[in-house]
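Q: Chain A is already provided as a structure; the job is to place chain B on it using the hints.
Take a look at the letters that make up each chain.
2 protein chains.
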Amino acid sequence: MADTVIASLLIIGDEILSGRTKDANLSYLAEWLNENGIQLGEVRVVPDVEAEIAEAVNALRTKYAYVFTTGGIGPTHDDITVDSIAAAFDVPVVIHPEAYARMEAHYGKENFTDARKRMTRVPKGAELVDNPVSIAPGIRMENVFIMAGVPKIMQAMLEDIRPHLKVGRKVWTQSLTVHAPESKIAEDLGAIQTANPDTSIGSYPFYIGGYGSTIVIRSAETAAVEKAMGEVQALCFAKRFETDDVSEID
Amino acid sequence: MADTVIASLLIIGDEILSGRTKDANLSYLAEWLNENGIQLGEVRVVPDVEAEIAEAVNALRTKYAYVFTTGGIGPTHDDITVDSIAAAFDVPVVIHPEAYARMEAHYGKENFTDARKRMTRVPKGAELVDNPVSIAPGIRMENVFIMAGVPKIMQAMLEDIRPHLKVGRKVWTQSLTVHAPESKIAEDLGAIQTANPDTSIGSYPFYIGGYGSTIVIRSAETAAVEKAMGEVQALCFAKRFETDDVSEID
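In the order they appear, the protein sequences are chains A and B. Note that numbering that gives the first Met the number 0 has the first sequence beginning at 0, numbered continuously upward. Note that numbering that gives the first Met the number 0 has the second sequence beginning at 0, numbered continuously upward.
For reference, chain A alone in the conformation it holds in the complex:
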């Protein structure tokens, strides 16, 4: 597993934990990271509580190469991400002069309200992440990238972050949907996994009108994916399981 870079995501906000807002950032970030040769190793969702945010940031930043956070960097009283991450690093919160200048230039002195000034606060020592959508910057504090929760803004911030990331080995994926219950393929699939140790073979069951399972094969080597998938396809053919077309290796 040399060259593997693993990151984590911390989703901050009561609105996700209440079920009111459905998170859309996890799957986007996961796919974006993989395109950049980085794996997503863990996700946590925590409420708008400073101690909870700080504890999670400290757990994740010591365990993973990167921590991405979403949410809680707006102008309202419940936006406490900056304070919480400053607490995690045990540094004060300061006004970032460049963030202040950008925001003042954008809004004009008269409309640069205290609420907007709040969005120029960073943990001491942090750098800015550009926000081409709504100006108020994201923040980089060591290996922690602090991003907005609004998907459009989060996605734009990632483009500014990209050049700063170590690139690991891309993991190639190929999938095959089998229209048969998982339990009928389980034993043979386990044998294929054992025979293909350079791959990770997952079976993800679904129920849409009938039972089926999507077999997903992952490896840093495309040839290893192809070999294992060939064995899965031969198995389905021999057992007369109906399958969809196999996906591209991506």
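For the record, the hints were derived by calculation from the structure and aren't laboratory data. One or more of the hints may lead you astray.
[To be verified] Below, in silico cross-link-like pairs of lysine-lysine (DSS-like), each with a Cα-Cα straight-line distance of 27 Å or less:
no. : chain 1 : residue 1 : chain 2 : residue 2
1   : B       : K183      : A       : K108
2   : A       : K183      : A       : K62
3   : A       : K62       : A       : K165
4   : A       : K238      : B       : K169
5   : B       : K165      : A       : K183
6   : B       : K123      : B       : K62
7   : B       : K123      : B       : K183
8   : A       : K62       : A       : K116
9   : A       : K21       : B       : K116
10  : B       : K108      : A       : K238
11  : B       : K183      : A       : K116
12  : A       : K116      : B       : K238
13  : A       : K21       : B       : K62
14  : B       : K151      : B       : K165
15  : B       : K165      : B       : K62
16  : B       : K165      : B       : K123
17  : B       : K21       : A       : K62
18  : A       : K108      : A       : K123
19  : A       : K183      : B       : K151
20  : A       : K151      : A       : K169
21  : B       : K21       : A       : K21
[To be verified] Reference excerpt, derived from the structure (chain B facing chain A, CB under 10 Å, subset only):
no. : residue
22  : A114
23  : I200
24  : V215
25  : F240
Backbone N, C-alpha and C define an ideal beta-carbon position, used for all residues, glycine too.
A: Coordinates of chain B only, in the frame set by chain A:
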């Protein structure tokens, strides 16, 4: 915070962390718990790795009243939730006789394959959770409820779990969508939060054609929600912010 019951969710599976599968269980469980007077306090997503699952289960089961897990209880080699939770509790994995009897009765002796028998394994000391959809039971181990990842099955298992849960105070919620940037309402909203300490007031920005924010007020007392929402509405009226209709208190 007396009478408050807080639970956590552990989502198990590489398929969520790869972005391939979008989790649908978080928001369902959050709303279901709230209807039952329980708050969701934290969510973690971990890969199909025994040590990671066990560590997360142990962290969550000591901190929260309940842990719900989803995923990894099927018949395939990558379904390692039972083993991992047994490891977390430091107990062996055993065949549960009642689970065995149910599965054998359902499939018949001839079709009761080793893969299906795998789904009768539980951490020693565990009880069963009924699965009216596909028979293979969920599992209760002390305060940990082990459920399927397939939403239809997970939702059915929750109905069997419901009578076993302590019921806390229901938190009432009311929301108002304001079509104005958050930064224009932030300072007054902070003052309303300060004046209404029995409520939790959240502001969740969005960008759909233009900037707006949904103000969500939560409290265990409906009167407290109504009072704070009245103040938010008066603020929007005074500032001439366009709003949608206020939601029901629910």
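Q: Of the hints stated earlier, which fail here?
A: 2, 4, 5, 7, 8, 9 and 25
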